[in-house]
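All chains, please: the whole structure from these sequences, using the hints.
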Amino acid sequence: MIFLPRGIPVREKVNPARINLPEAMGKLRSGSFTGYLRFDSSAGTGVVIFERGKLVSALYISADESERLIAYDAIARTFEVSILGNATLNIFRLAPELAMGIHTLLHGHYLYRGQDLQLVNIEGLLRRIKDEQINGCLRVYAEEKVVLIFYDQGNALGFFHDGTDDIVNTADLSKSVARLSGAKFDLLETAYARDLVLADLMASADLGPIWQRARKLLLEDRRKREEQAIRSLEEGQELRYQHTRMLLKTIAGNHIGKFGVSQVDKAFSLVGPELRAEELANFYLELHRLAKLVAGPKKINAMLDEMKHQLSLTD
Amino acid sequence: MDLSIVHIVFWLIAGLASFSFSIGNARVWTSICVGFVLILLAEVIPAAVPLLPGLQLPQVQALGYISGTVAIMVITHGFQEYYMFSRTLEVEGEKLHVYLGVLAVLVASMIFILINPTPTSETLRTINIVENSCWVFLSVINIDTIRKIYQAVKDTPISKGFVAFMFVFGFIFLWKGAALYIQVYDLDMIAEFFPVRYAVSVYVHEFGNLLTSISIGGTFLLLARLLR
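The listed protein sequences derive, respectively, from chains A and B. In case it helps, this note's numbering puts the first sequence at residues 1107 to 1421. In case it helps, this note's numbering puts the second sequence at residues 1427 to 1654.
Since the hints were made in silico from the structure, they are not lab data. Wrong hints could be hidden among the right ones.
No farther apart than 30 Å at their CA atoms in a straight line, the calculated lysine-lysine pairs in the DSBU-like style are these [to be verified]: (1) B:1574 x A:1372; (2) A:1364 x B:1580; (3) A:1160 x A:1133; (4) A:1414 x A:1364; (5) A:1372 x A:1322; (6) B:1574 x A:1398; (7) A:1405 x A:1355; (8) A:1322 x B:1574.
Incomplete in silico selection of chain A near chain B, CB under 7 Å [unchecked claim]: (9) 1232; (10) 1328; (11) 1331; (12) 1363; (13) 1396; (14) 1399; (15) 1401.
From a predicted model like this one, the values you see are computed outputs, not experimental measurements. Think of the CB as a built atom: it goes at the ideal place given N, C-alpha and C, for glycine as much as any other residue.
Structure, rendered in structure tokens:
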């Protein structure tokens, strides 16, 4: 899970499978967009950061956090997850400095992670940040609310709350996340955002082929799964078909002998793998016609009655 | 010992049993049943000659012999059909076509007789030899065919009926074989030189005829019981 405060919403709760992401990102690029795109799905979360129209950062973390991808790998994986159709895309606008701050945060080094605020000496923690002149970010989160506090050389730079697009110097106590029950925090050491010079990932590679490849892989995967499902269905049908045939042959053998078994084989050619009711009705008629040549109506009717009874039990 | 009346009675019973069986059962039995009914025609006509005026006409007697030939042909065809069915489970055709087909052959035979010179006793004898030859050789073939059918259907309710048919054709072989033997060697002409041989042949012929009629009637009654 990637915990980030929501910036100024540009688009919310969009199904990314329904849009051409490279085209959409191209528009963000031409519009000099600054902010981040967040893709949430049950498989994992992807974050793509734009800074003045440049796609400067991409990160993908799987739900179980076993997979952590960056740059093009992260973009490709995010595309794949999006195309699957059960992801949600949210786009938030941020100030350029904050966008870079988010980037450094996502690539930061954890000093503390998932600590319960109530179990921690906050004053001691803040003193350590100050004393050790930590350059980083304190992230406090509870439920779905997140707040970031950026530090530069141990000095607090400001807060990033939900619904803002820049770092602010004041904290709204009424919206304090730290006061929520179960609130936790992470402390991350980060690089100097201002020193970073990030390449535009969209300038150095065309995202179109990545998107197309993801689509192709997905379609191939979907086709395979459909084929597998059809094969499983067919195998199930075939199993039921053979079981029914064996059952009918056994009954015929008991009533009119080995010759009856051959007659079932012959008459069963009228029945398809789906064992439709009308096909079975034709089978009984044909078997009756054939059996009439070697057995009397009494025996034939007893045989057909048992067949129908047994089949009704297996349905 | 004149068994003519006894023959007629038993053949009537056999013919009725056979015909009624053909009506109530599957198409594949039709040829067999119609063939056995035709024996009635072929046997009753000559046997009834002394009793019914008009039947002594050579054309009628010729038709009787031809009916006998047609009978064994139709029966053999029926058993071949049944054998095919026992191997492939395929049956085709309709009962009516069998009835009409046999009737057409008989009508054609009658026309053939009528448009040709009146058959002499020699001609009648030749026609009868042809009839008996067909019966003798086709009986052997039918016994083998029925054996194969029995092998295929031996665990079905009807299988015993085919065993009975093998006996029927065994009796037919004796009946017609004895008659053919007498005709081929003209034993009736030279009976005084071979009295035992002739007497045995005549007895085999007479009792073969009787056993055939009884066994046919009995077999169809047995079949009716097995297919009840």
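Quick rundown of the hints versus the structure:
no., hint, in the structure
1, B:1574 x A:1372, "holds (20 Å)"
2, A:1364 x B:1580, "holds (8 Å)"
3, A:1160 x A:1133, "holds (11 Å)"
4, A:1414 x A:1364, "holds (20 Å)"
5, A:1372 x A:1322, "violated (47 Å)"
6, B:1574 x A:1398, "holds (19 Å)"
7, A:1405 x A:1355, "holds (15 Å)"
8, A:1322 x B:1574, "violated (64 Å)"
9, 1232, "violated (93 Å)"
10, 1328, "violated (46 Å)"
11, 1331, "violated (43 Å)"
12, 1363, "holds (3 Å)"
13, 1396, "holds (6 Å)"
14, 1399, "holds (5 Å)"
15, 1401, "holds (5 Å)"
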